[in-house]
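Chains as they are written, first to last, in numbering that gives the first Met the number 0: chain P, 0 to 172; chain W, 0 to 800.
Hint data in this document are derived by calculation from the structure and do not stem from the laboratory. We put the beta carbon where it would ideally sit given N, CA and C, even for glycine. One thing to keep in mind: the hints can contain errors.
As the list claims (entries may be wrong) - Covered stretches of chain W (in silico footprint by chain P; criterion: 3 or more residues with CB under 8 angstroms from a CB of chain P, positions within the stretch not fixed):
1. 19 to 30
2. 178 to 192
3. 297 to 306
4. 423 to 430
5. 537 to 544
6. 721 to 729
Claimed, not checked - Chain P side only, calculated, beta carbon under 7 angstroms to chain W, not exhaustive:
7. Phe13
8. Ser14
9. Cys98
10. Thr116
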Amino acid sequence: MDLSLNVNGRPEQFSAPPNELLVERLRDGLGLTGTKVGCDTGQCGTCVVRLDGRSVKSCLVLTAAAAGARVTTIEGVTTRGGELTGLQEALREEHGTQCGFCTPGMVMALGELVDNTADREAPTEPEIREWLTGNLCRCTGYHSVVRGVQRACSAARAGEPAAEAAAAPGQEV
Amino acid sequence: MTAVTGESALQGNGVLGQPLDIREDPQLLRGEATYVADIDLPDTAHMAILGSPVAHARIVSIETKAAQELPGVLKVATAADFTDVMPLPCIWIPGGVESHFPPHPYGLPGARPVLTGDRVRHVGDPIAVVVAETPRQAAAALAAIAVEYEPLPVVTRADEALAEGAPQLHEAVPGNLNAYWTCGDKDRTDAAIAEAEVTVELDLVNQRTINSPIEPRGAVGDFDATTGEYTLYASTQGPHNHRFLLAALVLGIPFNKLRVIAPTVGGSFGTKGYLYPDMALVLLLSKALGRPVKWVDTRTGLMNSTVQGRDHRQHVTLAGTRDGRITAVRATSHANLGAYPSTIGPGVATALMGRSISGMYDIDAAFCEVYAAFTNTVPLGAQRGSGRAEAAFLMERLVDRYAFEIGMDPAAVRRKNLVPKEKFPYDNGLGWTYDSGDYQLNFDKAIELSGYADMPARKAQARARGKRLGVGIASYVAICGVGPSTRMSKEGMLGGTWESANIRVHPTGEVTVTVGSASTGQSHATVFAQVAADELGIDPAQVQVLEGDTQKAPYGQGTYGSRSYSMAAPAVALTARKLKAKLVKAGAVFLGVPEDKVVYAGGGVHEEGNEENAKTFAELAMAMWYGWGLPPEIEPALDETTHFDPPDFNYPFGTHVAVVEIDELTGETEVVAYTAVDDAGNIGNPKIVHGQIEGSIVHGLGQALMEAAEYDEDGLLISSDLSHYALPRAADVPFFALDKTTTPSPHNPLGAKGAGEIATVPPAAAVVNAVVDALSDLGVRHIDMPLTPEKVWRRLRGEAQ
């Protein structure tokens, strides 16, 4: 079936089988390999992308069901080799990554939480941990990630650049 | 062997030991790192593997014709296509290296073939492969392969596999017994137990767990018909070791015709050091098809094929005096090796476990025996803290049981028995000689930091809230720095276990460090640059670190057993020292002064007492590259290599304290506080180690609370995906209180000890001790892991184990 998506600010048109998963389209069809596949059951969160701003597991979404939507992947968060967003910088400062395989999915999922912090109370530690339950990490034990999010949320409250800020040209955020 | 001075490296420019930002992080945070699944060579074909759906059966027939005719299918292959390929070898056989010779895998009892043709022995045992144009086509074609099975009886427990009349897995291994292995002094231990004032015994199950790196394994094979060279891209923690195993022992191709590349690897925790059928298959099929062949595992595939961990059933005994002095410990363990001996699984189940059982304690008599058996389960391998965690669990459970029996505080019993500082190096009587330590200092720090003295009051407060609070202590010693090659040969390890490093100084003054080790998330590029920069007195930003490609890097075994910083980093430091020595010699020529008047400082040289007469590092680099005016005894250029084989292992240690609260109504166990004080000797980058300690503790808590590989009576792995195998999530853990002590190891020039996985060793014991403490007034003396709410709830209601 013929479908279209807006991916990282770029319109994409293609033909896809009806049972194709969004993660397959992104990785195999569009070559956006920053989005990872870590399990078969929607448990691990390595494939999280933003779909119209909301973080979703792209292995649980059919490409067809996302038709017409605005998709942001990790490649749409920063330019290649470019400056890190506030969230990424905070995670770097806290070393919230080790092997890095879960990291893009975490950045995408946590980006939504940090984005929503600017105009409300910063999330508590239990709230951050709850938000993170959809993303598995086997290296860090999550502590450095939680500290990174705390750091990013306080920066976001202070009006510093938010997580999805450095989007590709032409993209609405 | 390289001489070791024991001199600390912490005398360079001060960048070593600093929590520098991790240079790998930005790339990972931007999703730009390339993992195996991201490799896309032109014209790649895709492989899928048909694993057995049954645990034990004779294969009557395999029909592949229908699969071969499906769209996109390029090849379907079975065991019949690989009759000239040797089985995958096991290179750690308990009993010593003599059992390896001749070092050839043919005839090795139980060695696994790349595909099984006549009989399957575990669910997931590979039977056939399909290569197709797309991954979907390959996967779809698996369903069209018809295999007829004649079921055989199944056994999944080691103790049952050794019983009379048990199903037999390998004709060459009567009674399923791979190894009976012992360490320590049996007679002395038996006598001490017979004469003891007090003895306590426990039957323990150290359940099988699945390591679950978040990246499943993958492999890409690329054969070049013009040069006859093979390239393997694989999620491996030891590219050189995989090259050795594949080229020399499996494929029988010239060593220099195989290149192994580890791209970014998404975690391993032990599992990705093993040799798997897929690694050989992608190479063989690439040659057969004349195209690159790629295979990426699924999570369910990983759980049914990647080595699993732990899995001991043990009867353990501790003897002591009424006033708390431990006099003997004895363990009998049935270890489940699974269906085939994995690359080093038998060594993990025996030496790594058995020689560690006495932990931090000064015990007069100790003995351990292990019956390592084959069963119809996935092969056993390493898992973060492998062997050491199983040992700490049994000892630390015993100490608590003993303390309860004699009515003494568990902390007081431990303190009374710690190996005293003046006894190092300490021979533990089981085969290890601990290098250095101040166990009292470490222990006291942990007890103090945990607020142990306040626990009675906290218990009372918790009871008022309907919660039972328990506190558990666990101490440990972990053997790391594998290893001294000769010593490892006596353990039965085939292969040198040294590490090497090369440093090349470029004419413009930049430096490239290459090491044989390969990171699976341990930030090697950051910390090895710190080591080189510190020794050379230069800016770490000038130093590039390369690894993970056998064509570029010097030999090394790779990353396992927390060895990179105490094996590869010393090789870097010693290489830098060679460069410095050469620069001092050359400096004498360039400065026109005698060698003993040359001072090396800040990356350059100057004349003693005359800082005007000097050459900077960049000037030296260029001058050495030109090589003009050098006397014949000084070769031009700055390019040195060191092979580091330490005189002995190193032994990090520590003490952890867990505080749990159990909900009286639901049986749920919550870890409410966790304190860890670990000693990994001198640390290269505290930021890296801090992260590894935190992650390791969560891994250990996972085993205590929720993780279990569950096989049913037919040998089906029930917990074969992440919906059925629980991993700790962010909300399952609190922040931890961490601290350290620092006892440098005398066995390497950095004073380093292993760090990466050591904090996985004690948490399971600490948490189970805490839960038993919380339930002890109900008569509970032990409870098997994982401590699921249902299990605890039943014990709260007085039900038996």
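Okay, the hints, checked on the actual structure:
| no. | hint | in the structure |
| --- | --- | --- |
| 1 | 19 to 30 | holds (count 10) |
| 2 | 178 to 192 | violated (count 0) |
| 3 | 297 to 306 | holds (count 3) |
| 4 | 423 to 430 | violated (count 0) |
| 5 | 537 to 544 | violated (count 0) |
| 6 | 721 to 729 | holds (count 6) |
| 7 | Phe13 | violated, 15 angstroms |
| 8 | Ser14 | violated, 15 angstroms |
| 9 | Cys98 | holds, 3 angstroms |
| 10 | Thr116 | violated, 17 angstroms |
Hints 2, 4, 5, 7, 8 and 10 from the list above are not met by this structure, while the remaining hints are.
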